[in-house]
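Here the structure of chain A is known, so what remains is to put chain B in place on it, guided by the hints.
Going down the list, the protein sequences come from chains A and B.
Everything in the first sequence is counted per this note's numbering, starting at 1238 for the first residue and increasing by one.
Everything in the second sequence is counted per this note's numbering, starting at 114 for the first residue and increasing by one.
Since no wrong hints were added, every one of them can be taken at face value.
Straight-line alpha carbon distances no greater than 27 angstroms define the calculated DSS-like cross-link-like pairs of lysine-lysine that follow:
1) A:Lys1411 to A:Lys1422
2) A:Lys1411 to B:Lys518
3) A:Lys1411 to A:Lys1345
4) A:Lys1422 to B:Lys518
Partner residues are not named here, just some residues of chain A that face chain B (Cβ under 8 angstroms, in silico):
5) Pro1368
6) Leu1375
7) Asp1376
8) Ala1379
9) Ala1405
10) Arg1406
11) Gly1407
Don't read these hints as lab results, they were simulated from the structure.
For every residue, glycine included, the Cβ atom is placed at its ideal position computed from N, Cα and C.
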Amino acid sequence: MTEAGGRLRVFLVDDHRLFLSGVRAELGERFDVVGEATDVESAVAGIRSTRPDVVLVDVHMPGGGGQAVIERVSPVLPEARFLALSVSDAAEDVIAVIRAGARGYVTKTISPADLAAAIVRVQGGDAVFSPRLAGFVLDAFARDPAPVDDSELDQLTPREREVLRYIARGYAYKQVATRLHISIKTVETHVSAVLHKLQLSSRYELTRWATDRRLV
Amino acid sequence: MRRTLQASTPTPRPRRLAVLTRSRTDRVLAGVAGGIGERLGVDPVVVRLAFVVLAFAGGFGVLLYLFGWLIGPEAPEGTEPRPAPGTETGVRQIVSVALVVAGGLLLLRTGGLWFGDAVVWPVALAAFGSAIIWTRTDESGRARWLRFASTLSGRPLDAAALGRPTRGRIAAGAVLVLAGMATFLVANNSQSALRTLFFAVLVSVTGLGLILAPWMWQLGRQLAEERRERIRSEERSEVAAHLHDSVLQTLALIQRSTSPEEMTSLARVQERELRAWLYGRNGRRAPAEGSARTLGAAFDQMAGRVEGIHHVPVDLVTVGDCPMDDRLTALIDAAGEAASNAARHSGAGLVSVYVEAAPEAVSVYVRDEGVGFETGNLPPDRGGIAQSIVGRMERNGGLATVTSKPAEGTEVHLRMPRRLSS
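Looking at chain B on its own, in the form it has when it is part of the complex:
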């Protein structure tokens, strides 16, 4: 017992952990056995088998388990004390638990809670054997099983890898399980040959179950854990890959850039891209390249392009969203032209783009607080407005209005109906 206590102390676990805390991670039913096992530093398999044996004592084990379920709080999430790797449940611990259970059985037998000597003792014996085989040692359960399996199949074994205690325990456990089955058969020897056959089959299946069930349970849990871990690490590497491709590259570019404008625009492009990746509108993850599927994504790309070319921040606000089509592509091209004009000619430090997708039409405002101009008196180098903005919009059934005054900035309003009224 002292070893048990010592084994349990090195794990940093909360002091207030009650004996009957139910385990969150190690559970078959409600985690009662898992909790007790972790608390005592004994393999939960042993505790589970003890419950099974006690269940044969007039159902006492079932009552005890339900009691533990009722009063045992679930261990707080995340703080589950896992047994330290060095926690080894030796034969000594199993014997201790077995003796406690045996004492309990004798007590219950005196008290009359009993299914009969012929049932309980063989079950206890078989469970004891099963516990010896299946308790956690310092090796992983699966490795042990694999060795066990190769022992059974008679394949040549690496004698060094097969630890002697393991082989000895398997043998001892199997002998005990078989002894339990035999005792049961002998004790329940009945006159009817049919009943004997039935019992023999039942007992064999139970014995096999006692030998194999804990392994199957553990194996299933290990596989589930491995799968979770794999999903987690895949997710992690996807994030890492993305951060490397985008954020780290941009940070490197920023370190090498010489002008503050360039740094700012690099940072803004990256911000836009990361933002789209993190909180993608309506769950979409904005494609880095290629054509966007929705209006919002397409405007994101447009704004990023203008910032990248002209090194002027573009503040984009989008209300509503809709799928892209040809006419909206024309709208975005016109808006991009307006934003480029603002970035190139206005001298303003910021271009504001506002997009509102209403059911009947999409409205876009491109605005700057730059030098502005007389709308009736376009500078020759800004003739682009006529063709690439107004012309493009009108050809596609839309409308463009340019409002500007010297020293008061410029605002271009674009409006594109969603459906052509037929």
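This is chain A alone, in the form it adopts within the complex:
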């Protein structure tokens, strides 16, 4: 998908036009912003026709939000990567977008340089965990007594938990690698594994956790 010049093609989906134009200006130097949309319908149509490398989706939007966009685009365009970008959300909404297929979640207060790095990382197939997402995930997997038939998908390894904890404390991947005396590649592997578990786990706790948050 990437064109000859090597610039990544990025598509923006957000219902706030002001924010769209801001991000477009910030990313324009490093990426090809091939299109933008402000609602689910036009986003699905636009992504299908422009076939971007990375789609930045807002979590909350009229008509189903980022989750709806991902669920409708992924079957026809499996190579497109999604990065959820939002201002401040309920944990269950963020987890829902990740489970729909987004490869990461960052808040809109992220610096332009960090956002650019996140886009590159997502395009490369890695996961992008902001401190807040790491916190959500630790919370979701926190309940220790594992069900009897718990599969490996439903548990974080101690090492994965450690990595997530560092990210939640505000450490960048590189700093986590230094602190744990491992390579940055290993950090990325751990984080991708967590993302994988988050997306595929049928863990009862994940649903119960979301319900707790909404109801109790």
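Positioned in the frame of chain A, the structure of chain B alone reads:
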């Protein structure tokens, strides 16, 4: 009939609406009559009464209703076509429906589906009268009822407010209902005095029901609607009040502020507050002032305070939550001191606070990527660390560790056991 069609066209309604769409909003049983009434531009009361009359024709009306229930899809939610305010069911419409019903009755009578002349015709007559009284006119049903009630109670009435057609219709309808009851009694005149008495009572009750039931139904629906509307508007005004107190005030402050740092911190404080209000953890709505009840809420307040004072963003991530107690208050005070130190002295653009409430202990990390310092060589102005952080934690049975290196930032780790091991 032409008037009916004209009356129904001005309402913007989906073209594909079938004749037998069942109404969602206007229903006694399944909304069949409501749907037909809305479709034809006739008051559903008329349609309902037509069904009742046809039910006496050997149960044909019941069958017809069940058929309508079976094949009629429910109207899509929200798109319910409400009759336009101007849709008035005149006597002409009622007569049209009555004639159709009468034709149907004659047909069914020939076909043998019949409970007998002595039952069906009086019922039809009474239903016709009831329809004339109770169909929707351009006034609200309740207002009409109130006038009707005051007519009955003999109170002085404003002659201008009491529309002549209304009064005329009430009179005509009542006469028809009474005529129906009388016909029934005469036709069923039996030898037994007891049976006559029984019939008289039954017929009176039925007649009264025909006069009053549609009103009671409509009144109940109006009250329910009013109640819904009131709840909705209360909710709306609560949201409006909150947005006004918080968001609009902050936006005004941002417009008046001169430095970008101040704007950013105002925006962040507001974001934190609105976020807590919208998605309050575990359903709590964070109190704007006063003491927080849970650890998460208390840390939210602490972070907001530090941001407000030092104009440096505080990134707070919380895992787990628990109720507050004295020792956790000490923990939050120590964490607040650490965050203030980071905001004041480190020069970093961001303070990260991570809180994890595990069953055995609460861990807090306060971290910045600022200038840092030699831990063995504290600057004199940072002696606060010893007393307000380490001292406070140890006095309350906790632990504080400060990790820092010049140019590599500082991290303060606080740990407070949840229960004292006794």
